Amino acid sequence: MKNGKQNSSAGVPIMDAEAIRRALRRIAHEIIERNPRLAQVVLAGIPSHGVEIARRLADSIRAIEKIDIETGIVDVAMHRDDVGTRPELPVVRTSKLPMPLEERTVIIVDDVLYTGRTVRAAMDAINSFGRPARIEFAALIDRGHRELPIRADYVGKNLPTAANEKVRVRIGSANEPDGVWLLKPEAAG
Amino acid sequence: MRIAESTISSTSLNTEPALRWNRKDLVGLRELSVDEISFILETADAFKQVGTREIKKVPALRGKTLVNFFVEPSTRTRTSFELAAFRLSADVINISATSSSLTKGETLKDTARNLEALHADILVLRHSSAGAAQFLANRLKASVINAGDGAHEHPTQALLDLYTIREKRGKIAGLHVVIIGDILFSRVARSNIFGLVKLGARVTLVGPSTLVPREFEKLGVEVSHKIDNVLPSADVVNLLRIQHERQRKEYFPGLSEYTRFFGLTKERAKLLKSDCLIMHPGPINRGVEIDSQVADGLQSVILDQVTNGLAVRMAVLYLCGGIATT
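Residue numbers (the working numbering), protein chains in the order written: chain A, 1 to 189; chain B, 1001 to 1326.
Since the hints were made in silico from the structure, they are not lab data. Since the structure is predicted, the reported quantities are computational estimates derived from the model, not experimental observations. No residue lacks a Cβ here, since even glycine has one placed at the ideal position from N, Cα and C. Please note: incorrect hints may appear among the correct ones.
Unchecked claim - What follows is a set of in silico ranges between Cβ atoms, one per label pair, in the way DEER data are often shown: (1) His145(A) - Lys1141(B): 52 to 62 angstroms; (2) Asp68(A) - Gly1297(B): 38 to 48 angstroms; (3) Ala63(A) - Pro1232(B): 38 to 48 angstroms; (4) Pro13(A) - Arg1020(B): 50 to 60 angstroms; (5) Lys1141(B) - Arg134(A): 13 to 23 angstroms; (6) Asp59(A) - Asn1138(B): 32 to 42 angstroms; (7) Arg134(A) - Leu1271(B): 51 to 61 angstroms; (8) Gly1297(B) - Glu33(A): 33 to 43 angstroms; (9) Pro160(A) - Gly1131(B): 54 to 64 angstroms.
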């Protein structure tokens, strides 16, 4: 049974750098359209890809509306409900959100929406900082297979997948282009 | 857990951590690598942030049971571990020497096995015998955290000292750290020496020759018996408590004489660089190893150490307690 590490070029290409750029620009427009009080919005990225995507959304919104949106980091590792049942301990990272959060709209930003458990943990983490007026969620990819009653408010691309497939996202790498790939399970496996 | 795995791999591709934590126990700093020490300090950064939130509690160790097993008395270390466990949502039981069956002749191993039969997941042990934590770590499935064993090690104290230095000075390598006091009987000094030397600090031990023998030079540190020669080049001064309850007469002339030769008095503090940090693991003996004005002065980070101790202990409980059950 082959079990070697797949490099990013393996798998079916789903989005290239240009497609990601367009999808994020569209999401930025949607955020502007649905949030008349833009200054109240906080983009909270989930490490590590979500942080990069939140930064790009803030850049787009600045370019379109000439307004600086606050960004933050919401770490979910210490809020997960499965510590101790996973093969390895999640690495915790430092969260950073403006306080107070009351009156604010926090938009959670992540690369892939899958079971919904990560978003649930992110909402838990955000609530420990305060009680935002509203929490929304933006994902670059929605691959389905929810295990919780959660949906995204902003989606870059809906991608139907099988549970044994994997979605690989590369964004913000220093020397390789952005992209999204769908990895099929190996035939031998 | 195939589903959880693929969720992880989709979010953590570009940022593989430098290290995968795989210790269920923390017995001392002597056996930790530089990367492991750095990883604990980075993890503590994330937990320190939790203390600034409106709700200072995360569910990371929900459902886990922590036993604070303190055979030697301690208030601040036990309280710090207890609060750290509460903030991680673990349940806590405190057992002290006087309330335990040890006074009825039960052996350490039997007591520990009984705790394990109650499904304790994490055992925080303070014991008067060096090696007690390692003894239990080898025999229990539960995670064992050394909260001080005899004159051996007190790893979380040294980690919080390292954390505080790194936080205040931005680095540890290249700094001159002076540890003053009763080094011979001090597990705090020993753990600090291991950690500081590994992270590249220059360490000088200062105190009377009975309490700071030259043998310590073998650990890669300098030894001096003249405090006034050392203070001007110090970046950090760490004053150890004079454990007068433990002192035997032959080691120690008397408190007033100690203060005269080795106390950090107001006058002596003038020898220090203006950005030199003054640290003390507490509880401080005001007027013995440190003057009140110095302890409360601008260079003192003694209360930062207490705050950071909580973050460091949360990190250690999360890492060791999390791995013990995976």
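### Message
Tell me the hint numbers this structure goes against, listed in increasing order.
### Response
Checked against the structure, the hints that fail are numbers 1, 3, 4, 5, 6 and 8, while the rest are satisfied.
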